[in-house]
Every structure is written in structure tokens, then in C-alpha cells.
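Participant: From first to last, the protein sequence lines stand for chains A and B.
If you count by the working numbering, then the first sequence holds residues 1038 to 1286, one letter each, in order.
If you count by the working numbering, then the second sequence holds residues 7 to 398, one letter each, in order.
The set of hints was computed from the structure by calculation and includes no laboratory data.
Among the hints, erroneous ones may be present.
As the list claims (entries may be wrong) - Here are the simulated distance ranges between beta carbons:
1. M394(B) to D1047(A): 22 to 32 Å
2. D1129(A) to M322(B): 49 to 59 Å
3. L1277(A) to M322(B): 52 to 62 Å
4. T1280(A) to Q22(B): 30 to 40 Å
5. M1155(A) to F45(B): 40 to 50 Å
6. I265(B) to R1107(A): 44 to 54 Å
Backbone N, C-alpha and C fix where the C-beta goes; we use that ideal spot for every residue, glycine too.
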Amino acid sequence: MPEEFLVAQDLHKSFSADKAVDGVSFTIHTGEIFGLLGPNGAGKTTTIRMLSTVLEPDRGDATIGGHSIRRDADAARKLIGVCPQELALYQDLSALANMIFFGRMVGLTGKEVRVQAMAHLELVGLTEKAKSKVGKFSGGMKRRINLAIALMGHPELLFLDEPTVGIDPQSRNNIYQTIEDLRDKGITILYTTHYMEEADRLCDRVAIMDGGKIIAMDTPHQLRSRIGSPETVTLEDVFLKLTGRNLRD
Amino acid sequence: MRALVIAFREVRTYLQDTADLAFSLLLPIAIFTLMYAAFGGQLLFQGTAHVVNEDPEGIYSTLFLERLRGIENLEVKLLSSKEAEERLDRSDLLLVLRVPKGFSNRLASGDPAELILSQRGDAGQEGQIVVSLVRAVAEEMGEEFKVREQVARALAGRNISQERTETVLQKFMDRERANPILGVQEELVGTRPDPVNMFLPGIITMFVLFAITLNARTLLEERREGTLERLLTTQLTVGELFTGKFLAGLARGFLQTLILLSLSQVAFHLFTPLTFAEILIVALIFAAAVSALGLVIASVARTEDGAIWIAVFFTMVMVMLGGTFFSISQGSPLYPLSRISINTYANDAFKAIIAGEGSLTHLRRELGIMAGIIIGGLGVGRVFFRIMPGGR
Ligand SMILES: Nc1ncnc2c1ncn2[C@@H]1O[C@H](COP(=O)(O)OP(=O)(O)OP(=O)(O)O)[C@@H](O)[C@H]1O
Ligand SMILES: [Mg+2]
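Can you make the complete structure from the sequences, with help from the hints?
Facilitator: This is the structure in C-alpha cells:
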């Protein structure tokens, strides 16, 4: 039985009257890619924001590498890298300068920060663009650098919040490739998406979220077999069956 | 360390933003130039003596006009007799000085000579001053003639060449004019009432304060761009974040003041090296106070627009009450209100140093109040950042 790296217990978060996250619990094992699937507004991003210590849960707690995100947030932050759903880049800085800046923020110093920045730029295929201003990048290139920044400092746990949303197939394939490389290195990943085929391809286990709650959690294969032959059924069908709604409408 | 990285990035962005730079450097220079042009000339006497010289070849008339030209702030303009009459008739001129024909010859032969001042009405304020200046020069020359005459009489029959007497005497009188036994020294009481000291500090502090908008914006811009949230997932502490933003604002404000003060030094030679160092210390403390206040606004406001409006309102009030364009004296009903403006203290300190009236030890009160604003601002900003949503 692999070690439990992230344990989320009964997380709640409301914005005014809206319950964005309503009692979410799950566990991610070391080296696993765990998918959070769900339609717009399901509460995926809110869950990640709580786990990455940006937002304080109204109720519940989680531990990352044994450190509580409430009581020991500083220690938890040392283990994580976040690729936010909304691009978070300095448009007036070059790709390399962005990488170095955030590298320093996660405690890298001296030569190491530059070495890692170049290595991660290469991983996402942006070596040639290292010196170009991020503001002039295409959407796909911005997504890739957004992901590359999250890798600075070699975090043990990555939060990837819809890293492929709205980009060209080429950039998308590059990101899939990057994630598979990271899995091979044994990095633990929490991945959110509303593309079911993405979850199918990348995730070891998925939790399907709707209305702030997890309504199903298993391996993609098991989820598909629940409603029929796993070879013909898609995760879309699973969602439709569970909620009576289409995933994207 | 991380705080420095944050500050450095921001200062670099500022230096690359031509609009921000123009606003914080070119605009104050332009406004100061306007103020200087509008009020600059009025504070010192500047006059013209209109002269009709009917003795153009004479040595004494030439000498007299030379001495007149030597007076600071007095310009000598020659006119023809006809032109002078016409302009006096039209009241275009209120005073004309006439050096009559034979003026030099009469003096040379020891006869009394006269200068004629034709004035219209009371000759106007400028005319009256010109009259006194002309009188003073005439009296000075008269005294010299008297001395010459007495010396010549005393030496009469002693077989000393007249040429020699003349040169020795001339040397004597030149020396006397250069170092008079009874001199007059002009001294100004209070701050120097010149336009530089009147407007320069106010305009500089006003624009440093305007930069508060930049300070207030940065944190909110990062909130909008998502970089703030990303920073909050790294090992950066909020203390470091605040320190970085504070240092960035301080550096911007100080750089701005440094450039403006250096330019003023080149243009007006206001400072000795010591007073320049002193005024830079005041500038540093003021920039720090402004930066801290910017952080308060950044922590309270939810949107960039909100921050800009708070900052604009705040700076307007501070600039108005800070005696930027007019001084607020102790008796004025505005005086107690002016005490709540941070600009008042900065302007007072700047003016005192420019006027050479105070070293830093005399400015303890002003500097102390600004230091208090720094500490209070950082504390209040930090508290607001904790309690407002999305903060920590
Ligand atoms: N800062 C906020 N203030 C108010 N409401 C919010 C805020 N953030 C999220 N919400 C609300 O919480 C709910 C869950 O939002 P969340 O962003 O977590 O969904 P999501 O699953 O990430 O959706 P998407 O796929 O569109 O990214 C939504 O109804 C959203 O409107
Ligand atoms: Mg989301």
C-alpha cells in the first residue's frame, strides 16, 4: 500500500450563501495522478485553492506530507507547486525572468535557479523563447510557461488546475508529455479538468465532483465498468448516468 | 532576500514604463517651470533707466553711464531727445534722465553740472527707484570730485605732476569703491521668498505623493493578474511581500526626488554637499512614509479603480492642506488642518534645508512625525491585509 501524501477531510467553503465546496474528502497516494473531474462551478478550483493554502476552509482540514494546511501551512507550502487555472505571469518579464523570479520565491538561490529555469523551459519546449516577453506569447505558450513555473524547486506535489484549457493541440500534447514525464519521476499530481478523455489518459484515479460534492471516486476503468462495458462506455456517460446531466452544457 | 527580489522587479518595471516615468518626472518639471515663469520675476526689482545723452563724447558722461550700468537689476536704455519727449507725452514713459550738452566740460573745468530728470506724475514705483539709484551714483561721483579738488588744492605748488596725483587718487578711489568703509549688506529675514523655495519643495512632494497611486495599484494589479495568489503558494511570507512592496515604493519615490533635486541643484545651486545629503535623508524618509501609506490603500481597496480613487482623494487633500502652492501661516484658520497633512512636514523640512535654516537636528519633529507614519502605515496595512478577503 503506497504512502498517503495528501489527505483531505471534509473540506467546506462557502462564498456568501453559495456552497462552493460541500464536504469533500479524498486521499492521494505518493506518485499518483489523481483527477478531479466536474463541470463548471463544481468546486474544483476552490478545493485546490484551499489545499494550496490560499483560501482558508470554513470547515475541515487536509494534510500534505503530514503537515496540516491550517496549522502548519508554511511546511505544507514547501512541498507543493501550483499551476493555477488562470494564468499567473508577469507579462512584462521574459519567460526566463518569470521562471527565475518564482524560483527565488520557492527558495532557490545562486546558479541552481537558472539551471532549473532552463531545464523546465526545455521540458515545455520553450528554450528558444526564454528571452522573449511573456506578454507577446500565444495562449498555448503562456499555458506552458504557467505550468513550467509550477515545477520550479521540484515540488513533491503538483496542483494542476485545468492546465490545457483553451489551447492548440500541439501545446496540449506537449503538456500531456510533460505530465507523463513527471509521473515517471514519481511526482504526485492533483489534476483537474472537464475533458474526460484527458482524465482517462493521464489519471490513475478520478473523483467526479458536482455541486461541491464528490459523487464518485475510482479508477477510470472501474468507473466505466460500473455502467457497462469499459471498452465502449466513456467517462462522459458515467457523469450523465450519475447526474442526469451532460458534463458540458 | 525574497523581499529584495520583489522590490527589484517592481522598480525595473517602473523604469521601463515611459508613461509612469513621464508622469513622475517630466510633469513636475513642467509645472515648476510654469510656476517659476509666472511668479519668478515679480519678487526682485528689475528696472530700466531711459537716458537721453546729449554729451555723447564726454568722459564724465560716459563714466556716469558706465556706473549706472554697473548696478544690478538696472538696465540702461539710450533714446534720442525727440523720442523721449514723444514717449513722455504719451505717458509711455514716466521718467527720462537727460545728460545735458557740455556736462563733462563743466565738470572738467570745476564748474557745477546738473543731470536732469524729467518725470511724469510721480514717475511710478519703478521710476522712483530709478531716481534714487541715479541720485546715489551722482552723489558718489560728486564726492569723488570733491576729494580730487581738495587733494589738488592741498598739493598745489609742491611740484608733483598732476598726472601722478591723478593715478594715485584713482587707485585710491577704486579701492574704496570695491571695499567701502560703510557698506550695505542686504539680508533676507525668514525663508527666502524666491519662487524656487516657494514652489520647488511643494511640487516635488506633491508628485512623490501622487506616486502613492502606483504603490496602491501594484498589489491589486498582482491580485487581478493572479500573481499575488501564486506568490501566496510559495515560501514567500506576507512579511516579505510587504517589505518588498514597501521597499519598491520607497525606491521609486526616492529615485524620483533624487532626480528632481539634482536637476534643481544644477539649475539653482541650492545646496552645499552637506545640505544636499541632509535633504536626501528627508526625501528618503518622506518616500518611505508615502510608500507605507500606499500599502494601506492597497490593503483596504478591493479593486484597482477603488485604490486609484482613494489615492486621488487622499493626495488632493494632502496637497491642498500641505501648503503646496501657498504657505499657510500660523495665524491662518487653515493652520490646524494643515497639521494633518504629511506634505506639510515634508515641505517644512525641505524649505528649512533649502533656506539654510535647519539641519536635521532642528527637524526632529518633522522627521519624527514622518517616521511615525511609516511605522503606523506598515502596521495598519498589514492588519487590513489579514482581515480583508483573499489576504492572509
Ligand atoms: N472568489 C469567489 N467569490 C464568490 N464565489 C466564488 C468564488 N470562487 C468561486 N466561487 C463560486 O464557487 C463555485 C465553485 O467555483 P470553482 O471555481 O471552484 O469551480 P470549478 O469547478 O473550478 O469550475 P471551472 O471548471 O469553471 O473552473 C462557483 O459557483 C463559483 O461561482
Ligand atoms: Mg476551476
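Participant: Each hint needs a verdict: does it hold in this structure or not?
Facilitator: We went through each hint and held it up to the structure:
One distance hint, 22 to 32 Å for the beta-carbon pair M394(B) and D1047(A), holds here, with the actual separation near 27 Å. Taking 49 to 59 Å as the suggested C-beta distance range, the pair D1129(A) and M322(B) does not conform, at roughly 30 Å. Range check, L1277(A) to M322(B): Cβ separation about 59 Å, and the 52 to 62 Å hint holds. Judged by the Cβ atoms, the range 30 to 40 Å given for T1280(A) and Q22(B) is violated: they are separated by roughly 50 Å.
Separation of M1155(A) from F45(B) is about 59 Å and departs from the stated range, judged on CB atoms against 40 to 50 Å. A beta carbon spacing of about 48 Å between I265(B) and R1107(A) agrees with the range 44 to 54 Å that was offered as a hint.
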